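Just so you know, the sequences run in chain order G and A. If you read the first sequence in my numbering, its first letter stands for residue 1, the second for the next number, and so on. If you read the second sequence in my numbering, its first letter stands for residue 1, the second for the next number, and so on.
The reader is advised that the hints may include incorrect statements.
Claimed, not checked - Once the Cα atoms are required to be at most 16 Å apart in a straight line, the calculated EDC-like pairs of lysine to aspartate or glutamate come out as:
{"hint": "1", "chain 1": "A", "residue 1": "K116", "chain 2": "G", "residue 2": "E441"}
{"hint": "2", "chain 1": "G", "residue 1": "K24", "chain 2": "A", "residue 2": "E124"}
{"hint": "3", "chain 1": "G", "residue 1": "K434", "chain 2": "A", "residue 2": "E124"}
{"hint": "4", "chain 1": "G", "residue 1": "K283", "chain 2": "G", "residue 2": "D333"}
{"hint": "5", "chain 1": "G", "residue 1": "K24", "chain 2": "A", "residue 2": "E29"}
{"hint": "6", "chain 1": "G", "residue 1": "K283", "chain 2": "G", "residue 2": "E392"}
{"hint": "7", "chain 1": "A", "residue 1": "K122", "chain 2": "G", "residue 2": "E436"}
{"hint": "8", "chain 1": "G", "residue 1": "K254", "chain 2": "G", "residue 2": "E436"}
{"hint": "9", "chain 1": "G", "residue 1": "K442", "chain 2": "A", "residue 2": "E124"}
{"hint": "10", "chain 1": "G", "residue 1": "K296", "chain 2": "G", "residue 2": "E164"}
{"hint": "11", "chain 1": "G", "residue 1": "K266", "chain 2": "A", "residue 2": "E44"}
{"hint": "12", "chain 1": "G", "residue 1": "K266", "chain 2": "A", "residue 2": "E42"}
{"hint": "13", "chain 1": "G", "residue 1": "K435", "chain 2": "A", "residue 2": "E124"}
None of these hints come from the bench; they were simulated from the model. Note that the coordinates shown come from a computational prediction; the quantities given were computed from them, not determined experimentally.
Spelled out from the first residue to the last, the chains are:
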Amino acid sequence: MAFKVIGENVLRVDGHTKVTGGAKYPADLALENMLYGKTLRSTKAHANFTIDTKKAENIHGVVGVLTAKDIPGKNCHGVLFKDHEAICESRVRRIGDPMAVVIAESERIAEKALESIEVAYEELAAVFDPEEAMKEEAPKIHGEDNTVFHFKIRRGNVDKAFEEAAVIVEDTYYTGAVDHAFLQPEAGIAYEEEDGTLTVIAATQYPHFDRMDIAGAMGMEEEEIRIINPAVGGAFGGREDLTLQIHLAVAAKKFKRPIKMVYDRKESFLAHCKRHPITMHCKTAADKDGKLLALKTRIVGDTGAYASWAVNVLRKAGVHITGPYEIPNVWVDSYAVYTNNPFAGAMRGFGATQPPIAHEQQMDRIAEKLGMDPFSIRRKNLFTLGSKTATEQVLRESVPLGRCLDALEAAMNEKPLPDENINYLEDLKERQAKKEGAWNEKNR
Amino acid sequence: MKTINLKINGRKRQIEIEENERLLDIIREGFHLTGTKEGCGEGECGACSVLLNGKLVNACMIMAFQAEDSEVITIEGLGENEKLDPIQQAFIDTGAVQCGFCTPGMVLSAKALLMKNPTPTKQEIRRGISGNLCRCTGYEKIVEAVELAAKRIAETD
Numbered sequence: 001m002a003f004k005v006i007g008e009n010v011l012r013v014d015g016h017t018k019v020t021g022g023a024k025y026p027a028d029l030a031l032e033n034m035l036y037g038k039t040l041r042s043t044k045a046h047a048n049f050t051i052d053t054k055k056a057e058n059i060h061g062v063v064g065v066l067t068a069k070d071i072p073g074k075n076c077h078g079v080l081f082k083d084h085e086a087i088c089e090s091r092v093r094r095i096g097d098p099m100a101v102v103i104a105e106s107e108r109i110a111e112k113a114l115e116s117i118e119v120a121y122e123e124l125a126a127v128f129d130p131e132e133a134m135k136e137e138a139p140k141i142h143g144e145d146n147t148v149f150h151f152k153i154r155r156g157n158v159d160k161a162f163e164e165a166a167v168i169v170e171d172t173y174y175t176g177a178v179d180h181a182f183l184q185p186e187a188g189i190a191y192e193e194e195d196g197t198l199t200v201i202a203a204t205q206y207p208h209f210d211r212m213d214i215a216g217a218m219g220m221e222e223e224e225i226r227i228i229n230p231a232v233g234g235a236f237g238g239r240e241d242l243t244l245q246i247h248l249a250v251a252a253k254k255f256k257r258p259i260k261m262v263y264d265r266k267e268s269f270l271a272h273c274k275r276h277p278i279t280m281h282c283k284t285a286a287d288k289d290g291k292l293l294a295l296k297t298r299i300v301g302d303t304g305a306y307a308s309w310a311v312n313v314l315r316k317a318g319v320h321i322t323g324p325y326e327i328p329n330v331w332v333d334s335y336a337v338y339t340n341n342p343f344a345g346a347m348r349g350f351g352a353t354q355p356p357i358a359h360e361q362q363m364d365r366i367a368e369k370l371g372m373d374p375f376s377i378r379r380k381n382l383f384t385l386g387s388k389t390a391t392e393q394v395l396r397e398s399v400p401l402g403r404c405l406d407a408l409e410a411a412m413n414e415k416p417l418p419d420e421n422i423n424y425l426e427d428l429k430e431r432q433a434k435k436e437g438a439w440n441e442k443n444r
Numbered sequence: 001m002k003t004i005n006l007k008i009n010g011r012k013r014q015i016e017i018e019e020n021e022r023l024l025d026i027i028r029e030g031f032h033l034t035g036t037k038e039g040c041g042e043g044e045c046g047a048c049s050v051l052l053n054g055k056l057v058n059a060c061m062i063m064a065f066q067a068e069d070s071e072v073i074t075i076e077g078l079g080e081n082e083k084l085d086p087i088q089q090a091f092i093d094t095g096a097v098q099c100g101f102c103t104p105g106m107v108l109s110a111k112a113l114l115m116k117n118p119t120p121t122k123q124e125i126r127r128g129i130s131g132n133l134c135r136c137t138g139y140e141k142i143v144e145a146v147e148l149a150a151k152r153i154a155e156t157d
C-alpha cells in the first residue's frame, strides 16, 4: 500500500486562507444586531461577596447584566471535576473569577458599565502555598480537603537501597507557573437559531466537552447545542477549560440576539489556566559505577483554585520523575493541591515538562560526585528496548534514546569548551552591539 | 468625530473616526479588513503589523488620526489579483503557517525587510521579524520561508 500522507510533504489545507488574512478567528466574525459582553472579575483571591448591578443596568445602551442567578441549569463546569462556577454566586476563590457579565449595544458601553457594578467583598483567609494548603488548619478552597489527588509508586525497597548506595544526592527543585500566551485572545459569538438550537462559535480544543458543559449550564439537551470551532489562534492546552462559552450561551438565549465577546490580553491572562508550578523533592542513589539504585521523591503541584487536569498532570509528573532511566527501587508521592492561586491545567507536556528540571540536575550531580562525565552516567542508566519503567511498563517499541544522546554529544563536541579567561556575557554583549550597528546601517 | 482620507490597499477611502480610535480599529471595524490581528494591544506581539507609507508599524500603536492622508497596506493588499506575493507563497510552501494568527504580521514584516534588503542573511531575517511573536514557536520554518521568498524574487527579477 502506498501512503499519500505519511513521509510526504503535504501542504496545509488552511495555508492559503491564513497567508491572505482570510482565515476567520472568532474575533473576526460579526453578525447583524449583535450585542457585546464584558466580564466583571474578582480582584480578591478568596472572598464572599454581594453584588448590585442596578446602576449598570440603568446605563443607556446596557441591555442587561448576567449574574449567577441567570444561569438556567447547573452553574458549574470543569474538564474532570465540575468545580468552576460559570458565574460565581457568592464566593470567589482566585483573582479573575467571573462575577457578572455586562451585555450592551457596544463593547465600549459594556466596558464602561463594569465600573458601575457595586461589589461588597468580605475577605476570607487565603492560602497561596500548596504545602501550607495541605495542612489540616489551612483555609479550604472546595470541600473539606485541599488535596485533589495523591499518586503513589512503591517499587522495591528504597530504604535498603539508600543504605547500600555509594552516593546519594538530595535536593528540592521548583518550577513556576507559565502562561501559554497563545496569540489569539479568547473570543466568541453565540446566537439562537430559528429552531431554538443554541450555536456557540469559539476557538476551543474540546468542542464536545464545551457542548456538554454548556448543555448542563443551560439545562438543555446536548443535541440542542451546536459548537462551531473556527480558526484557532494557538491553544497549547490553554483552551481546554471553558472561559466565555457559557456566558455567551446564556446571554444569547436570554436576550434573543447574537452576542460577541472578545478578551484583551490582560483578561486572557486572568481567564485561562497556567502550567502547574511543581515542587519536586528528590533523593537519588547510585552505586560506585554510576548505576542508579533508588529514587525517593515527593512532588507537590499547585493547581490553584480549580482542578482542571490536575489529576492527569500530577500523575504524569509522578510517572516521569524517574527520567528515562532504569531505577530498581522507586518511591513516589505526587500530590495536586488547591490554593487561591491562578488555576493550573493543561499546557504543552502536561506534567512531563517539569520533572526533567529535577531528574537531570540529579544526574549531573551524581556524575560530579562520582567523577564521571554526564554522558557516561546517562548511557549507563538509559531505558532501552525491553526496559521496565517504575510503573512496570515494559518498553516494547522504539526506544532511540542512545542515538539521541550520541547525536547530542557529537554536536556538543563540535563546539570548543568554554575558555575560563573569557567573560562570555560581556563578550556576547559586545558582539551583539557590533551586529546591531551593522544591521542598522544596512537596513535603516 | 472627524473625517479622514487615506489610501488603503491601493484604494482611496474616506472614514469617520473617533478621537480615541486606533489605526487597528479602523482597519478591522471600519474597513472590515480582519486579516490584521490584535494580539496584545500594546505593541509587543506584532500581530497587527501593517505598512504605513511603506514603513512597518504596529497598528495598535498608531492613532487613527495619524493615518490621515497616508497609504496603508494590510495583508489583504499583498499580491496582485489572484496571484499571491512570493512571500505568501513561500510561507505556504515551507510550512511556515501553523495557527496562522501571527502570519499576516509576519508576512508584512518580511515584506518590509525584503523591500529594504532583498538578500538578507538568516541572522538579518531573524532580526527583521524580531518584532513578531509566533507562539506556536515555528520560527525556523518562517525564516526558511523568507529565505525562499528572497531567492524566488531574485530569480524572477
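We went through each hint and held it up to the structure:
no. : hint             : result
1   : K116/A to E441/G : 11 Å, holds
2   : K24/G to E124/A  : 31 Å, violated
3   : K434/G to E124/A : 13 Å, holds
4   : K283/G to D333/G : 12 Å, holds
5   : K24/G to E29/A   : 14 Å, holds
6   : K283/G to E392/G : 20 Å, violated
7   : K122/A to E436/G : 14 Å, holds
8   : K254/G to E436/G : 57 Å, violated
9   : K442/G to E124/A : 10 Å, holds
10  : K296/G to E164/G : 15 Å, holds
11  : K266/G to E44/A  : 13 Å, holds
12  : K266/G to E42/A  : 11 Å, holds
13  : K435/G to E124/A : 10 Å, holds
The structure fails to meet hints 2, 6 and 8 from the earlier list, while all remaining hints are met.
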